[in-house]
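Trainee: Heads up: the protein sequence lines correspond to chains L and E, in order.
Residues 1 to 357 in this note's numbering are what the first sequence spells out, letter by letter.
Residues 1 to 586 in this note's numbering are what the second sequence spells out, letter by letter.
What the hints contain is simulated information worked out from the structure, not anything from laboratory work.
Errors might be hidden in some of the hints.
Claimed, not checked - Computed, partial: chain E to chain L, Cβ under 7 angstroms:
1. Ser196
2. Thr203
3. Pro218
Fair warning: this is a prediction, and the values are worked out from it, not measured in the lab.
Glycine included, C-beta positions come from ideal geometry on N, C-alpha and C.
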Amino acid sequence: MISIRKLRKSFIAQQGVVNALRDIDLEVSEGDFCVLLGPSGCGKTTTLRCVAGLERPDGGEIEISGRLVNSPASRIFIAAEKREIGMVFQSYAIWPHMNVFQNVAFPLTQGQKRVAKSLVADRVRAALKRVQLDGLEDRPATDLSGGQQQRVAMARAIVTDSKVLLMDEPLSNLDARLREQMRVELRKITKSIGVTTLYVTHDQAEALSLGDKVCVMNFGEILQIATPHDVYAKPANLFVAQFVGEMNFVKGKVAGPGKVESPLGMIAAPVPNGMNTGAQVTLAIRPEHVEVSPAPNHGAATTTGKVASRNYLGDAALLEVEVNGVTLLAKLAGDTVLTVGQNAAVELPAHRWHVFP
Amino acid sequence: MKVESRTEPAVGAWEGLSRFLPQGVTLFATGLSGLLMLLIGVPVLMVILMSLRTGFPGENVPFTLENFATVYLTPRTYEILLNTVFFAISSVSITLLIAVPLVWILMRTDIPFKKTIYVLLTIGILVPVFLRTIAWILLLSPRIGLVNKWLQEVFALSDPPFNLYSLTGMAFVQGVSFVPGAFFMLAAAYRSMDPSLEEAAYTSGVGKLKTFLKINIPITWPAIAGVMVYLFMTAIAVFEVPAIIGMPARIHVLSSLIFTSTTPSTGLPDYGMAGAYGAIMLILGLTLAVLYVRLVKQGKKYTVITGRGYRPREIALGRWKWAALAFVFFYLSIEVFIPFSVLLWASLLPYLQLPSAEALSSLTLKHYIEMPNHVGARPFINTLILMFAVPTITMILSVLVSWIVIRTQVSFRGFLDTLVFIPHAVPGILMAVGLAYLGLAYRDYFPLYGTVSIIVLAHTINWIAYGTRTTNSVMIQVHRELEEAGRVSGASASRVLGKIILPLVAAGVLNSWIWIGMLSYREVTMSLTLLTRSNVVISTVVWQFWGSGWVPQVSALGVMLILFATIVVGTVRFALSRIGEIGSAS
Numbered sequence: 001m002i003s004i005r006k007l008r009k010s011f012i013a014q015q016g017v018v019n020a021l022r023d024i025d026l027e028v029s030e031g032d033f034c035v036l037l038g039p040s041g042c043g044k045t046t047t048l049r050c051v052a053g054l055e056r057p058d059g060g061e062i063e064i065s066g067r068l069v070n071s072p073a074s075r076i077f078i079a080a081e082k083r084e085i086g087m088v089f090q091s092y093a094i095w096p097h098m099n100v101f102q103n104v105a106f107p108l109t110q111g112q113k114r115v116a117k118s119l120v121a122d123r124v125r126a127a128l129k130r131v132q133l134d135g136l137e138d139r140p141a142t143d144l145s146g147g148q149q150q151r152v153a154m155a156r157a158i159v160t161d162s163k164v165l166l167m168d169e170p171l172s173n174l175d176a177r178l179r180e181q182m183r184v185e186l187r188k189i190t191k192s193i194g195v196t197t198l199y200v201t202h203d204q205a206e207a208l209s210l211g212d213k214v215c216v217m218n219f220g221e222i223l224q225i226a227t228p229h230d231v232y233a234k235p236a237n238l239f240v241a242q243f244v245g246e247m248n249f250v251k252g253k254v255a256g257p258g259k260v261e262s263p264l265g266m267i268a269a270p271v272p273n274g275m276n277t278g279a280q281v282t283l284a285i286r287p288e289h290v291e292v293s294p295a296p297n298h299g300a301a302t303t304t305g306k307v308a309s310r311n312y313l314g315d316a317a318l319l320e321v322e323v324n325g326v327t328l329l330a331k332l333a334g335d336t337v338l339t340v341g342q343n344a345a346v347e348l349p350a351h352r353w354h355v356f357p
Numbered sequence: 001m002k003v004e005s006r007t008e009p010a011v012g013a014w015e016g017l018s019r020f021l022p023q024g025v026t027l028f029a030t031g032l033s034g035l036l037m038l039l040i041g042v043p044v045l046m047v048i049l050m051s052l053r054t055g056f057p058g059e060n061v062p063f064t065l066e067n068f069a070t071v072y073l074t075p076r077t078y079e080i081l082l083n084t085v086f087f088a089i090s091s092v093s094i095t096l097l098i099a100v101p102l103v104w105i106l107m108r109t110d111i112p113f114k115k116t117i118y119v120l121l122t123i124g125i126l127v128p129v130f131l132r133t134i135a136w137i138l139l140l141s142p143r144i145g146l147v148n149k150w151l152q153e154v155f156a157l158s159d160p161p162f163n164l165y166s167l168t169g170m171a172f173v174q175g176v177s178f179v180p181g182a183f184f185m186l187a188a189a190y191r192s193m194d195p196s197l198e199e200a201a202y203t204s205g206v207g208k209l210k211t212f213l214k215i216n217i218p219i220t221w222p223a224i225a226g227v228m229v230y231l232f233m234t235a236i237a238v239f240e241v242p243a244i245i246g247m248p249a250r251i252h253v254l255s256s257l258i259f260t261s262t263t264p265s266t267g268l269p270d271y272g273m274a275g276a277y278g279a280i281m282l283i284l285g286l287t288l289a290v291l292y293v294r295l296v297k298q299g300k301k302y303t304v305i306t307g308r309g310y311r312p313r314e315i316a317l318g319r320w321k322w323a324a325l326a327f328v329f330f331y332l333s334i335e336v337f338i339p340f341s342v343l344l345w346a347s348l349l350p351y352l353q354l355p356s357a358e359a360l361s362s363l364t365l366k367h368y369i370e371m372p373n374h375v376g377a378r379p380f381i382n383t384l385i386l387m388f389a390v391p392t393i394t395m396i397l398s399v400l401v402s403w404i405v406i407r408t409q410v411s412f413r414g415f416l417d418t419l420v421f422i423p424h425a426v427p428g429i430l431m432a433v434g435l436a437y438l439g440l441a442y443r444d445y446f447p448l449y450g451t452v453s454i455i456v457l458a459h460t461i462n463w464i465a466y467g468t469r470t471t472n473s474v475m476i477q478v479h480r481e482l483e484e485a486g487r488v489s490g491a492s493a494s495r496v497l498g499k500i501i502l503p504l505v506a507a508g509v510l511n512s513w514i515w516i517g518m519l520s521y522r523e524v525t526m527s528l529t530l531l532t533r534s535n536v537v538i539s540t541v542v543w544q545f546w547g548s549g550w551v552p553q554v555s556a557l558g559v560m561l562i563l564f565a566t567i568v569v570g571t572v573r574f575a576l577s578r579i580g581e582i583g584s585a586s
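Let the sequences and hints guide you as you build the complete structure.
Mentor: The following block contains the structure:
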């Protein structure tokens, strides 16, 4: 539905040329919800704006619904207004001089895909119903709350039934509770209309819960494209491991097949094929996989440590455990009896480890 | 946010002080309000007073409505009112036709040479309107205008093709002169507009031109309407163009009529008639000011909605770049280049003539060298006094007023804020006429008539509205928490003032100090209304030269006026940008 091939873009900044995008390749198939995830300045918004036609790339090709909309090499650039897309902006971009109805009706009355006057009202009402704003048609845009503005922006983006929906951090201006609620609704709406969505965020929780596919970016490159589960459970590299979710990192050296020497001692871990003995590696394990218990367990992988701090979160407790001078973060159930200063047994299951070069 | 912080108790934490400090502040605010009521109210009162009296100022005559009867029962008054309105509407239309595209081009597109264009626009404000008017007369007057002469020569025309001496000619010169002011007023609205409002229209399938018409113009409409009303209010009161073009051709508007009533070329001054005419102007001015304030408030409602994550993005003009540059160049030509070139050319010749070999051989610097003999030192000293005294007094008063309005809880701070806005609505010419009347009728109590001080006073009253607007915005920017953070760090109130507040407001205050100084330097209407032999300033010297028909001398002095202003502003811009402050156009 959306295919991006070898997309390149550089900006001239004060420090010199900044390569915002370096050969981005991305395929989003029909009806998919694809999330571009990365820290600020990683090129995710630039990618989205190139797809929207709001930014001109230096090289590469973009295809939307099988139509080539951008290819600097063959001098093709379809303007944003002719791309038949819907877009939700970070600032919502609700036009303050119009009411809710006029804002949502604008693409239908002024845009490329105009519809008969008699249909406009029905289409607008249907779009507003989808975002649960029915009844607010005559409200001036300036009288809306942040969450309502967000919904109007959403309604405006879907009112033309475009095949492609682009969203640029649409939830980042909402407060935490509303954001989580909107997250669930967003997914419901996009799935119910079956629109192909490209969604930009820097919030990994948002990315994991929304996307069919998550695409992690940094420094203008795509580092991993995978399902949310795979991005979390099988990070392709150190950056993804670090950026998505919490992770403990320990430096080490490959000591043999399935064995890594580290400050924690000899660790059994799945060393990938092709890593020779003696190679420097970084070991990584998620806090929820660090098993800490009061009494030393039997079992080979068990080491002992000391609880250095305890951060109670209600449903969970985050413990910092010191093992051989290395501090490991462990996530335990909230009702754990471990207290600061207590000695504890630490188990690090071999299959939970990730080994990165 | 602002409103919230204002309603909090200001010094609630300081128990010892809070008991008597508010009373001290109230006392101070009362005194300041009293002073400003005298400054602003008395001249206005004088205008009303003179309209109810006949005879000379100071003559003890009973109140009468005779002046109003004379004025409002004469059909000519309505003719002149119509002239005034026509002149104002045409001027404002010309201004907006140029200013709105200009703002859009400079604020929203990637047109090259932006910085240079800004500087030239600033110079455009500093070229006094009367000099520009004179330059256009030298070009388009049917009798001596160079363009007319040249066209007549080339095409062997019997009649001059252009005649500047008409209401349209006046509106053209006035309209062009308003553009830089309108530009800077509109620039803020266009700059603060969230670009995604435009982008949302593009992604809705709407093209660039339609987006400009359906999104940009309506969103900035309150700002445009505000500028329109403000300019209309100003156009009704301006005097320079109506005096220089209109009066010789007997095309009168309200302001020139008021001036001729108090300063007739023959006969005795009639302040009563001036007051009666002034009353219409006063009512118009106040009505428009109320409208203006309401529009500005409405505009604020629109800006509330701009979201975060906002990056200024420029529209790539592509092939249209040259068309846009041509438009800007055309405007700058009629605004700055052509008037200045004409004055420069005229100043170097013994008499005004078309460029030719003969003219080139007679070029001379004589008029510049002889200038001191014609002018003497007095006007220069007087102008310097204006340039220092006016901004200093205005800014001191403005800072004090803004501090009370923005930072304290004094109950009548709203009244004070409105009070200092009144000079915006009362035309300068009326203030000056009022002051002149005061000086003449009550010279025992107010012995300033004929001194520079009375001009200083007139200018200060006139620009206190502008001064307080800028100090208000500067004070609002210095968030209360910055002050409070200083206090909780253990600094005393005086240290907080000296080390935190003053450094933060200094650049803004200095900027408007210089700006008011320059405005005072180029002002002529009030200085002329209050003119006697002893308080001549440079701008009124130019005026007198023009009245005597000394074209080369007028031009030479005009060139010097413009160059000096450009050098001052250029130096200040450079110096301020070096300290890294307010490099932006304001």
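Trainee: Let me know if the C-beta of E/Pro218 comes in closer than 7 angstroms to any C-beta of chain L, holds or violated.
Mentor: This hint holds: E/Pro218 lies near chain L, its Cβ roughly 4 angstroms from the closest one there, short of 7 angstroms.
Trainee: May I ask you to test the interface hint for E/Thr203 with respect to chain L, counting a Cβ-Cβ separation under 7 angstroms as satisfied?
Mentor: Holds, because the Cβ-Cβ distance from E/Thr203 to chain L comes to roughly 4 angstroms (cut-off 7 angstroms).
Trainee: Please verify that hint: E/Ser196, Cβ, nearest Cβ of chain L, below 7 angstroms or not.
Mentor: At 4 angstroms from the nearest chain L Cβ, E/Ser196 passes the 7 angstroms test, so the hint holds.
No hint from the list above goes unmet by this structure.
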